[in-house]
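These protein sequence lines are chains D and X, in that order. So for the first sequence, this note's numbering puts the first residue at 1; every next one is plus one. So for the second sequence, this note's numbering puts the first residue at 1; every next one is plus one.
If you are wondering where the hints come from, they were derived from the structure by calculation, not from laboratory data. Check the hints yourself; a few may be wrong.
Stated by the list, open to error - Keeping only pairs whose Cα atoms sit at most 35 Å apart, straight-line, the calculated DSBU-like set for lysine-lysine is:
#: 1; chain 1: D; residue 1: 98; chain 2: X; residue 2: 48
#: 2; chain 1: X; residue 1: 83; chain 2: D; residue 2: 129
#: 3; chain 1: X; residue 1: 108; chain 2: X; residue 2: 83
#: 4; chain 1: D; residue 1: 80; chain 2: D; residue 2: 155
#: 5; chain 1: X; residue 1: 168; chain 2: X; residue 2: 184
#: 6; chain 1: X; residue 1: 48; chain 2: D; residue 2: 129
#: 7; chain 1: D; residue 1: 10; chain 2: D; residue 2: 83
#: 8; chain 1: X; residue 1: 168; chain 2: X; residue 2: 224
#: 9; chain 1: X; residue 1: 83; chain 2: D; residue 2: 109
#: 10; chain 1: D; residue 1: 80; chain 2: X; residue 2: 208
#: 11; chain 1: X; residue 1: 205; chain 2: X; residue 2: 184
#: 12; chain 1: D; residue 1: 83; chain 2: X; residue 2: 108
#: 13; chain 1: D; residue 1: 155; chain 2: D; residue 2: 98
#: 14; chain 1: X; residue 1: 168; chain 2: D; residue 2: 129
As the list claims (entries may be wrong) - Output of the computed footprint for chain D on chain X, the stretches with three or more beta carbons under 8 Å from beta carbons of chain D:
#: 15; region: 86-95
#: 16; region: 103-111
#: 17; region: 130-141
#: 18; region: 187-200
Heads up, the beta-carbon is just placed ideally off N, CA and C, and yes, glycines get one too.
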Amino acid sequence: MGARDANLFKDIEHLIRLAAVIAVALVAFVILRAAVVPRSFGQYGHYRGAAISEIASRPVALAGHDACEGCHTDVVDQKKLGKHVVVACEACHGAQAKHADDPSSAQPKKLDTAVVCARCHEANSAKPKNFPQVATADHSGGLACDSCHQPHRPKIETAKIEPEGKK
Amino acid sequence: MDITRRRLLVLLPAAAVAWKYVLAGTPEASPNYQMTEHWWGMLIDIPKCIGCGSCVRACAEENDVPEGYYRTWIERYHVEDWKIERPEVESPDGGKQGFPPHADDGGKNFFVPKLCNHCAESPCTQVCPVGATFVTPDGVVLVDKSYCLGCRYCVQACPYGCRFINPKTNTAEKCSLCYHRITKGLTTACCEVCPTGARQLADLKNPKDPIHEFLKTHTVQVLKPHMATGAKVFYNGMDGSVR
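Let the sequences and hints guide you as you build the complete structure.
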């Protein structure tokens, strides 16, 4: 028995060397992996969990109509009298978060109603039939819409027009 | 303690699980917003869409979308009589400046706003080789641009054509459902500016969200349902010609 055992382990030195190499490689792999893979990787799944909060923390560009309505109460009152009450401020005026943060330094641009109004109200057979639409070329001949309409309360009050028509 | 073969077999998986937690780190605290309480989607009411392009412009401003690329866009469909499988579709500049005047030329005409469908079983996240795109626990498909290689697998994989490579960063980009807005209690930029309410953000996990009543009482559809992507953008009044 003793002779057989000695025979079996006579080359054990090779095995130990091999095991040492594998152990070093394993340790190197574990250290390297820990260094390279972001800490939050795998937090929720096969991705960097911290990416979610990074994306969520981006600043907004559109303030939202609630922010506008806090100051511009006169416009809110006007809008309430007409159909444009449902249209958010930034649909026409564009992104205004900077203006909401610092009203004096970032001023909204004056809008060209001939362009802005036509985006919604230019006649197109694909628009819902009950949506008010005009062929602007025939309707106003390129005249800016706010020559006649008040954009926040677009319906022209007949009482105001009548004196002009009677003359 | 002697480590027998039996003990080792028990210890190894336990050590592996423990190591996974070490690598993952501790979950971050999010006091105001709980991801597990939401499951986001969108409702698009096609008969209400006027093709004004407000959504496309607002999206571009909100997300700094490069010129000529679109995270959301509007298509104008023209379907002749019975030729439902051959619709004529146009989308000039993604519908960003609205659509040119168009007299009635017969057939059926309507607008279809498109965006990422935030699929629950999204094909785009499944093909990402590095884990740079993923479905969040609240059901939004996002891109981690600091991890994206720009390999374009996801652009090819999306059946809805919702992804593109940003020419400035050379990374994949798509609609994020304004994740930076909805986590702050705001609605998305496109839903904020939609003048007719054709677009509405929907939280499917919130029982008080009007989406539930709407889905119950209307005939809604998702795009390409045969692909079983678990799309969460629901279209009301969608014609069979829409693809």
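Against which earlier hints does the structure fall short, listed by number upward? 7, 9, 14, 15
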